[in-house]
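Visitor: From first to last, the protein sequence lines stand for chains V and Z. For the first sequence, the residue numbers in my numbering are 8 to 261. For the second sequence, the residue numbers in my numbering are 15 to 234.
Source of the hints: derived by calculation from the structure; they are not laboratory data. Incorrect hints may appear among the rest.
[As the list claims (entries may be wrong)] Here chain V is said to cover these stretches of chain Z; the calculated rule only asks that three of the stretch's residues, wherever they fall, bring their Cβ under 8 Å from a Cβ of chain V: (1) 76 to 85; (2) 180 to 189; (3) 207 to 221.
[Said to hold, decoys possible] The calculated DSSO-like cross-link candidates involving lysine-lysine, where the alpha carbons are at most 27 Å apart (straight line), are: (4) Lys-149(V) / Lys-224(Z); (5) Lys-149(V) / Lys-245(V); (6) Lys-150(Z) / Lys-229(Z); (7) Lys-149(V) / Lys-229(Z); (8) Lys-64(Z) / Lys-150(Z).
[Claimed, not checked] Computed Cβ-Cβ distance ranges for the label pairs, DEER-style: (9) Ile-54(Z) / Trp-12(V): 57 to 67 Å; (10) Gly-28(Z) / Trp-12(V): 27 to 37 Å; (11) Cys-28(V) / Phe-38(Z): 23 to 33 Å; (12) Thr-27(Z) / Lys-22(V): 42 to 52 Å; (13) Trp-12(V) / Leu-16(Z): 26 to 36 Å; (14) Val-210(Z) / Val-247(V): 37 to 47 Å; (15) Phe-38(Z) / Gly-159(V): 53 to 63 Å; (16) Tyr-153(V) / Gly-146(Z): 50 to 60 Å; (17) Leu-96(Z) / Trp-12(V): 19 to 29 Å.
Note that CB positions come from ideal geometry on N, CA and C, so glycine has one too.
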Amino acid sequence: MAIEWQIFCLDTIDKTPVAGCFGSGGAKGTQTYLDWLISAWGETVLVAGLSLVVALAIGAVVGILRTLPNSPWLARAANAWVELFRNIPLLVQIFLWYHVMPVLIPLFAETPKLLLVVMGLGLFTSARIAEQVRAGIQALPKGQRYAGMAMGFTTWQYYRYVLLPMAFRIIIPPLTSESMNIFKNSSVAFAVSITELTFFAQQAGEETSRGVEIYMAVTFLYVISALAINRVMAFIEKRVRVPGFVANVSAGGH
Amino acid sequence: MLDFSFFTSEVFTGYVLKGMYFSFALTGIATLGGIVFGTILAMMRLSGNKPMAFVAATYVNGMRSIPLLMVLLWFFLLVPLLIGRAIGAELSAVITFIAFEAAYFSEIMRAGIQSIARGQVHAGQALGMTYGQNMKLVILPQAFRNMLPILLTQTIILFQDTSLVYIITAHDMLHGFTLAGSNLSHPREAYILAAVFYFVICFALSWIVKRLQAKIAIIR
Chain V
8 MAIEWQIFCL DTIDKTPVAG CFGSGGAKGT QTYLDWLISA WGETVLVAGL
58 SLVVALAIGA VVGILRTLPN SPWLARAANA WVELFRNIPL LVQIFLWYHV
108 MPVLIPLFAE TPKLLLVVMG LGLFTSARIA EQVRAGIQAL PKGQRYAGMA
158 MGFTTWQYYR YVLLPMAFRI IIPPLTSESM NIFKNSSVAF AVSITELTFF
208 AQQAGEETSR GVEIYMAVTF LYVISALAIN RVMAFIEKRV RVPGFVANVS
258 AGGH
Chain Z
15 MLDFSFFTSE VFTGYVLKGM YFSFALTGIA TLGGIVFGTI LAMMRLSGNK
65 PMAFVAATYV NGMRSIPLLM VLLWFFLLVP LLIGRAIGAE LSAVITFIAF
115 EAAYFSEIMR AGIQSIARGQ VHAGQALGMT YGQNMKLVIL PQAFRNMLPI
165 LLTQTIILFQ DTSLVYIITA HDMLHGFTLA GSNLSHPREA YILAAVFYFV
215 ICFALSWIVK RLQAKIAIIR
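Turn these sequences into a full structure, and let the hints steer you where they fit.
Guide: Take a look at the structure:
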């Protein structure tokens with residue numbers, strides 16, 4: 008069978024070709040598959056981006072709490088957080104946020120569905136980021152902490168000025184793979200009908216019966232996005248590098 | 015507001031048990047298949063044969079940059095085109111998971127093989143061992159042992175990922191819970207119970223891995 012890229016120029020409703028491919032040329036409200044593909048990609052970027060912000064913010068705090076020297080209960084609570092969100096599959100967590108939370112907690116009843124998915128994906132990833140932040144802090148020689156204390160810094164100060172600046176630099180490589188993971192994992196939002204890339208692939212593939220072309224485009228966008236994240240993180244890593252300092256923390260996972 | 019009384023032992027055996035069995039079976043088969051193919055891929059990448067290394071690297075990097083869900087959808091699309099008919103959701107899940115996980119296990123095995131000191135490879139060669147003998151008798155046993163905790167952690171992640179086959183309507187543990195929930199009209203409780211089951215299983219498994227890690231570490 009031949010590959011027919013013209014499929015992307017068809018109108019999504021009456022399946023007629025639209026000149027110029029982007030729907031704005033035709034009557035108001037028309038949309039081609041290309042338009043839909045782009046907006047689905049935008050949705051994926053939106054879900055993944057917001058989730059990454061949530062995951063980084065909470066993951067950093069939880070990871071730091073796990074390394075605090077004099078607060079065993081805070082550390083325990085943070086450990087419990089990590090175990091809880093790491094040991095339940097992402098899909099189940101998203102179902103809980105989407106189907107259960109709005110009923111149990113009235114606050115979430117009004118929340119847009121997309122934000123519920125962002126919470127699910129964000130908290131799931133926050134546990135993994137917390138693990139890396141902890142590893143990064145613990146990878147530093149103990150002497151750095153003691154040096155900070157000896158200088159008369161408060162706990163907050165020696166975290167802020169001594170430990171964290173190095174720890175975050177050390178964990179840039181695992182954070183890179185986690186950012187790429189969050190992008191891939193956002194495909195699970197498809198299960199609760201968020202119109203992101205995977206949803207588009209499935210839906211448009213079925214509508215047009217030209218699944219191969221549609222899937223190729225979607226796969227290409229996933230690969231390009233992963234590559235883009237990789238390059239951005241490599242750029243950040245290069246910009247913030249401390250001369251003469253090389254460190255490695257390895258991480259697995261999806 | 016929540017009523018868990020619907021979840022009796024009959025409901026468990028009637029709905030959940032079969033799916034649980036499939037989730038475990040899928041995890042086991044995909045782990046074994048993934049490690050076998052992953053090891054082959056890792057050996058290809060480290061073989062020094064440029065075309066072979068390129069093929070393996072392309073496969074691994076390609077698989078690792080697309081979501082598992084897309085791989086599942088691709089498989090569903092291509093199989094009828096290639097063999098003329100669809101195959102069942104369960105079989106599709108098994109094949110897709112092996113193909114997908116092989117890429118991840120390959121990265122772990124590659125790190126494992128590279129963790130073995132070069133001197134050992136040279137020692138094997140000096141003893142007149144063939145490439146195969148050297149791999150089988152010297153390198154892979156140590157590589158497996160070094161990587162065992164990471165391999166098992168990956169298996170736990172794999173077990174969590176098996177819940178995704180729910181989307182292609184294979185009958186896994188999550189599907190068992192949601193089916194029970196909708197048939198007995200307690201969908202929300204069913205989701206919570208599913209979360210509890212997954213949590214207990216994964217938590218127990220990661221605890222075992224932690225214990226094992228302390229026990230099995232090679233003391234150098």
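Visitor: Among the hints numbered above, which are violated by the structure, and what are their numbers in rising order?
Guide: Hints 9, 10, 11, 13 are the ones this structure does not satisfy, whereas the remaining hints hold.
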